[in-house]
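Keeping the supplied structure of chain V fixed, place chain G with the ligands upon it in accordance with the hints.
Keeping their order, the protein sequence lines are chains V and G. Here the first sequence is numbered in my numbering, starting from 177 and rising by one per residue. Here the second sequence is numbered in my numbering, starting from 14 and rising by one per residue.
Derived from the structure by calculation, the hints contain no laboratory data. All C-beta atoms in this analysis are idealised placements derived from N, C-alpha and C, irrespective of residue type, glycine included.
Where chain G lies over chain V, by a calculated footprint (3+ residues, C-beta under 8 Å):
id: 1; region: 340 to 348
id: 2; region: 351 to 358
id: 3; region: 405 to 418
A few chain V positions that, by computed beta-carbon distances, are all more than 10 Å from chain G:
id: 4; residue: Gly-264
id: 5; residue: Thr-442
id: 6; residue: Leu-453
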Amino acid sequence: MPEPGPSWDVVADIQLLLQFHFMQNAFLAGTLVALLAGTAGYFVVLRGQSFAAHMLSQVGFPGAAAGVLVHVSPVLGLIVFCVGAAVGIAAIGREVDAGQRLESAAIGSILAFSLGLGFLFVRLYGGSAQGIYAFLFGTILGITDRDVQLTFAVALVTIASLAAIGRPLMFASVDPDVAQARGVPVRMLSLAFLLILALSVAITVQIVGTLLIFALLVAPAASALQLTARQGRGIALSVALSLAFTWLGLALAYFTNVPVGFFITTLAFVFYLAVRLVKTRRTVVAPA
Amino acid sequence: MRILGALQLDHAAARLGGRLIWTEVDLEVQEGEFVAILGPNGAGKSTLLKALLGVVPLAEGSVRVFGRPVRRGSDEIGYLPQRRRFDPDLRIRAVDLVRLGLDGERWGMSLPSPAKTNRVAEMVELVGAAAYQDRPIGELSGGEQQRILIAQALVSGARMLALDEPLESLDLNNQQAISELIRSICQTRGVTVLLVAHDINPILPFVDRVVYVAGGHVLSGKPQEVIRTETLTALYGTPVEVLHTSDGRIVVVGQYEPVTHHPDDH
Ligand SMILES: Nc1ncnc2c1ncn2[C@@H]1O[C@H](COP(=O)(O)OP(=O)(O)OP(=O)(O)O)[C@@H](O)[C@H]1O
Ligand SMILES: [Mg+2]
Chain V
177 MPEPGPSWDV
187 VADIQLLLQF
197 HFMQNAFLAG
207 TLVALLAGTA
217 GYFVVLRGQS
227 FAAHMLSQVG
237 FPGAAAGVLV
247 HVSPVLGLIV
257 FCVGAAVGIA
267 AIGREVDAGQ
277 RLESAAIGSI
287 LAFSLGLGFL
297 FVRLYGGSAQ
307 GIYAFLFGTI
317 LGITDRDVQL
327 TFAVALVTIA
337 SLAAIGRPLM
347 FASVDPDVAQ
357 ARGVPVRMLS
367 LAFLLILALS
377 VAITVQIVGT
387 LLIFALLVAP
397 AASALQLTAR
407 QGRGIALSVA
417 LSLAFTWLGL
427 ALAYFTNVPV
437 GFFITTLAFV
447 FYLAVRLVKT
457 RRTVVAPA
Chain G
14 MRILGALQLD
24 HAAARLGGRL
34 IWTEVDLEVQ
44 EGEFVAILGP
54 NGAGKSTLLK
64 ALLGVVPLAE
74 GSVRVFGRPV
84 RRGSDEIGYL
94 PQRRRFDPDL
104 RIRAVDLVRL
114 GLDGERWGMS
124 LPSPAKTNRV
134 AEMVELVGAA
144 AYQDRPIGEL
154 SGGEQQRILI
164 AQALVSGARM
174 LALDEPLESL
184 DLNNQQAISE
194 LIRSICQTRG
204 VTVLLVAHDI
214 NPILPFVDRV
224 VYVAGGHVLS
234 GKPQEVIRTE
244 TLTALYGTPV
254 EVLHTSDGRI
264 VVVGQYEPVT
274 HHPDDH
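Just chain G, with the same shape it has in the complex:
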């Protein structure tokens, strides 16, 4: 018998509003891997994360996390949803938001607990957010909010991070800093990372594997195997070209058509 990895999807399909988003997805991620999830808008990247969180039930197939069928509410997965920013008027301290990640789902009043306070402080420290932890979350910058949210995702002892576009709307320095932070968490704590991104370049040096979602299907492998003209053209079903710039960046061109694939229509 094979040892089960961190994440395993078998013949999985997801349906939203009566439409198949992707089908026949087979995917396996090992514990401690840093995986980038790429693909055009609307391809179903966020849906993939929601499926492994148990928020979106599969239409077909199965998904297992650490060998067990998924269930909503598991504290093994830390989730950072795709979002704009917090409302600037939201007047809740950043550190309280991290604390909610620890025991926010429990009923009853939250009583003072030094152990929990320490745990929260440790995570805030880890992501380098101690300086602004007492400020209202709405007043923080995008990068500061992302750090707080990563601390929130980690605080319950998650072994897997499902991060939906954590680098969005960050400047280059912050993209770099947050990517390095996530990489170091992945390496030092053995946390499995699934990170949705639109631009592979800031994370290219760190990723073990990319998962490409397009055209209703999913392809995974090493970055250099997947992000190639022939592979992506086959996946998209329309001509796509992968260019390598002189400074080592990868650019995917030709994805002009927003991919709205309807496997039902065949």
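Looking at chain V on its own, in the form it has when it is part of the complex:
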């Protein structure tokens, strides 16, 4: 980008950043995705479902390919595959008493199978996989006003649903046996959570890309959970970190011409690494 570089004048920099409509849209959509992913991610990490989140952000590929192949919209294919995968994990995966071994095995199998399907669809389609990949990797710098509206709707629905089921979901996540005895519909909540996750991933993936959504679903929440064991603060911190990584990543990308995805994932990873290192040192040096 032939724009003037950043100065140390923050206000001027921000004006520079937001002078173009595509950057305004990028910030708006990025902010909404960060809010959504920071909130949902807290439960993903707490429930030990990072692998499920990974899978949901990947099954979009065969989904989109299937959509292209049968000439319906790729978005529809994406949604069908994400929801199908969510139901699949919930069905074979998590029994009330079982650990997560069964679930991760189910996820691994479904993921491999669906990627295989994706390649088959691409071959049958006869075209190049390029377009489908491009679709999946989104282009946060090419977001339309309609995309922003759609992202807003998804973020709103996701956060509202999580607010509605958050408390029993927390109970079911940390203490499923007692929760079940107390009348919490543990299995139903597990499915509901995966469905919320699947739908929000399916719709945001094509806007901001697989990489971004997956990075924001896990690393910020994982860092937040390391830093605080309080639920409210944990969710707030997870959201705050997601926002910070997204904003900073967008700004850095704008001024350097390096892909946004690289900066956001790197920021999220480096921060997580730093938190872990500090924690490990603290426990080694001063066993409190």
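Okay, now just chain G with the ligands, sitting in the frame of chain V:
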């Protein structure tokens, strides 16, 4: 008409995975009693607790708690499931876990409530866990976790505690301390306690009654009536011997065969 006790099972039978676990169970527990549930591995002790929680439906017969048919989700029974420890990585404060016992099953967001916070604080105090209530549950020791879980089981105002091996993996001091804590809760608050244990000795001074589950059947009575060579041999269906050591401990020997009784096979 007879006054109904805290717990009443009539001709109850439980089936899991197509197999009868126990049958013809008649059992009555009075309010405020401290009952120990004993028996070999796999006999169906945990299943018995799950039946009175309404988690495992009965195959036959009926179970009533405080005179009413059981339903899952009742807050009259505080439950402490049999478990290993919490995952060491579980980063949720101990006090938040107790709070979940109060209103964790409700939909919607949990709003700040001084009354609920006080109630939680009172229970944490009661079990002597105030010092570590703000630490992540996964980092606590086994005994500390058990205290938190007892507070969680009590916090909703439960009149009955269903405790599945709360003394497991505790050292002798902690077994003693937790048993005394449960006894005092039983006595001062009139809470009915059903406690599954593998070793009767730490709780022997406190229990009003033992319920012995073995061989697909259940036997209950005073400890000295039930834990006898003839009674247990009849219940197990294989020779079992009850020994009394010089320091007053009871040892049951001869239960070498893991009891997997199949009443269906007769
Ligand atoms: N979901 C299930 N499906 C089939 N069988 C089951 C199921 N759950 C438990 N069982 C069987 O039911 C029997 C009773 O189990 P239960 O857990 O009640 O035993 P227990 O007396 O609590 O044993 P332990 O002392 O080992 O805890 C066991 O033989 C067990 O294998
Ligand atoms: Mg058991």
